[in-house]
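Enquirer: Here is what each chain is made of, one letter per residue.
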Amino acid sequence: MTQYEPVIGLEVHAEMLTESKMFCACPVVDSTEAPPNTTVCPVCTAQPGVLPVINRQAVEYGIKVGLALNCTINEFNQFARKSYFYPDLPKGYQISQYEHPLASNGWLDIDVDDETRRIGITRAHLEEDTGKNIHMGSSSLVDLNRAGVPLLEIVSEPDMRSVEEVEAYARKLRAILVYLGVNHGDMSKGVLRFEANISVRPTGSDEMNTRTEIKNLNSIRSLVRASQYEIARQIKLVESGGQVIQQTMGFNEESGKTTVQRSKEYADDYRYFPEPDLPPLNIDRAWVAAIEKTLPELPDAKRERFIDELGLSVQDAGVLVADKATAEYFEAALKADVDAKTVANWVTGELFRLMNAAGVEIEQVKVTPEALVDLIKLVEAETINNNTAKEVLEAMFETGHSAGEIVKEQGLAQISDSSALEAIIEQVLEANPEPVEKYLGGKEGLFGWLVGQVMKETRGQANATVVNQIMRERLEGMRKA
Amino acid sequence: MTELTELTIHEAYALLKKGELSSVDLTQAYLDRIDVLDGRLHAYLAVTSDETLEQARRADERRAKGEDDPLLGIPVAYKDVLCTQGVETTCGSKILAGYKPPYTATAIDKMEARGAVMLGKTNMDEFAMGSSTENSGYGVTRNPWDTERVPGGSSGGSAAAVAAQMATAALGSDTGGSIRQPASLCGVVGLKPSYGRVSRYGLVAYASSLDQIGPFSRSVADAAVLLGAIAGHDPQDSTSVDMPVPDYIAALTSDLKGVKVGVPKEYFIEGIDPAVERIVRAAIDQLKELGATVQEVSLPHTDMALPVYYLIAPAEASANLARFDGIRYGPREQGDTLWDTYCQTREAGFGPEVKRRIMLGTYALSAGYYDAYYLKAQKVRTLIKQDFDAAFEDVDVIACPASPTTAFRIGEKVDDPLQMYLSDVFTLALNLAGNCGISVPCGFDDDNLPVGLQLVGPAFGEERILRAAHAYEQATEWHKRVPVLSG
Ligand SMILES: [Zn+2]
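Line order of the protein sequences matches chains A and B.
Throughout the first sequence, residue numbering follows the working numbering, covering 1 to 481 in sequence.
Throughout the second sequence, residue numbering follows the working numbering, covering 1001 to 1487 in sequence.
Don't read these hints as lab results, they were simulated from the structure.
There may be inaccurate statements among the hints.
In silico DSBU-like pairs for lysine-lysine, Cα to Cα no more than 35 angstroms straight-line [said to hold, decoys possible]:
| # | chain 1 | residue 1 | chain 2 | residue 2 |
| --- | --- | --- | --- | --- |
| 1 | B | K1100 | A | K132 |
| 2 | A | K335 | A | K302 |
| 3 | B | K1376 | A | K82 |
| 4 | A | K82 | B | K1385 |
| 5 | B | K1480 | A | K82 |
| 6 | A | K215 | B | K1355 |
| 7 | B | K1094 | A | K82 |
| 8 | A | K82 | B | K1379 |
Owing to the predicted nature of the structure, the values given are computational and were not obtained by experimental measurement.
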């Protein structure tokens, strides 16, 4: 039977979190929090007679993204009007870029199953976000706080061949936007939205079949679920002799299914034409070069550096750079004189485990990088052992107290003092004459059991190395006696 | 003594400066005259009486404190397409009935900074679409020279107000001739600045790439003062040009020695009123007497200007007018569905000419037609601009009629849009090219209806056309004739 593979391209709408909106001076605010219609002005509410003015910072942000995605930054830029009627679109047209986008012909490398795949970026263009319609019973209200917020639409080539690649692409792109500081990546705030174009074909063929477009996917999870469903739907349809129809689909979060919004014959005619209120924007090469110099280290470069210079495993390095805040946390810890691999182990091991269990992001973690280093130092100084340190970290995670405070409060410091340990060892030997006898008679394996009794007595706080040493000396002494 | 309302800006300024006249008295004289005459002429959609007098009082205070400006205390009128904060701005359309803008147009802000006093808002063809003011949603304005005739349009209210001495001066807007044609038909001076010379911020857009705000006045020198007041770069209008504003008054001279005047052979066409041709040709002879050299020039793509204009302007208008949806402002006709609400609101709010142009423009931009109509029109627009560029290599200014006819009768062309569109055949090519042009009174036909001489300059060549127009005006008496009106 024929095997099928999906052919997927993504359109990502990323808000550019600039100080002001794309074409007016209104501040860009969290549109899920701000009281409705409080960050609006004559321009973004489309009062008669107003004119747009291009936000230079939005263009700069767009250039940053274009450069990070290995695109050509086009010298000649032109905005265009995209016309359609909807109450959240105050002018009745959206100012977007059509024939002359800001950036084109780039690529993004993603890693799936230990393999690197290069996904083409067709273009990235600037436009303005719409407001929001809020439906209340039979009436609707319009909130224009979001209207005019800069959006960068990043369009990929149809280069993805699995849902795993879709997810990896979305996560990688999100990480880059956050690294660049142009978007905070919090999808619950609607600052990143996805559209997937999906078709299927026999595996290995190079035909391009009719595709469907799934709109308004507001999280990577929805993107993944919707893609999975739509791929399966199309394969089933084709296998049963059906044909995919070019359609715009929506995704129902509750049912997990894609549903038809409209077919091509009803497609909107957006009547694009060059925006006469904005002269063409010529982007100076020197400006692009200056922006390029300000680009931060991006995830791929950082990962390579972590591997090459810090000796981290590919796995650990990959996990640490996948999220900007995690990478920053890790690097903040490294400012102290501490072993990078040890820090990496603690972050990707215990800290991640605690974060997952508590369902928090690294930004909310109460343990500062400096506090984590202090904990590691206590282990290195043999004040506590590794097992105790895990307990201490858990307490730090919950309370935000320092490792030193917790060790002191709970009396967790390791007992390395020879005289104290000698007394306990003496007790253990006296209390267990039979195992001692058997050990001296050749049952060497009982040494560990005897050490274990000491650890038990000290609630695990005894310095195992010291205990081993004293215990061996005492037993050897007994043998000679 | 002359009636106060007959004074030009310069004449009134001289009296105000000497303390022989107060702005309050001058303003009151206009308000009184409006009271008497405007019931018949209907040049105004709104007269802001109380606020007007308050502004006049403030102007007198400013002058008393030592401020000195030719516009300080001068009563002027603004076309209702210009936004005035808190003062109803309808663009002559029912769809904006009751709309009070939350902000003021840059041009008016500049006028107010200079101390000009606002008398009110003037009537116009709905959204500046028309050549007779008959397309106003609030009734036609009548021509002060013959009240059975139109004042021209779309800035007919502003032109009529200045002609009938119901304002010292006025601002209008010109997209295809909407200042120069009514100026010609009403016997006043009307100037369309070069595209980008005056900020369009607060000018409700008809066709964004063609619209410009400009002055109406009773003398060329007044037009120069007004242009100087409103011109200049505005950070809120990216199409306004960042070039210094010249001293336009300093450009005015009484002779035209060394000035080369071009007469485009394509502008004296069949269909032009013989009286208009005769009077304009006589005016051109007068330019020669003033020292100018006159030569024929050719603008070969002239006959394409009208069709190109009627693709580009409606295309832009179809998008510009999409915001009038009854959602945020203006009257709303609530339908059963959102779509019904849109359709019913726009059906009730827009007049037939506006609907016609929205449909024309929507069609020209539609998928499958865009290349053949909009894109082709833009290419021809470039050719039209090149015609002018070539002509201005040989001459300094171009002289031609502003309108092919004098004022026509109310109702004469309303049922024939194409005939109406021909009213702008001599003016709209300039808007396509981005040039500047001025209409200055140059005679009267046998029915005592005024004729305007249009003087055209290259982009940002306002000094040249003001100079030519001023020299012509100073050598003639036409601008001194006033229509005989009685309440
Ligand atoms: Zn705004």
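Enquirer: When the hints from earlier in the document are held up against this structure, which numbers fail?
Expert: 5
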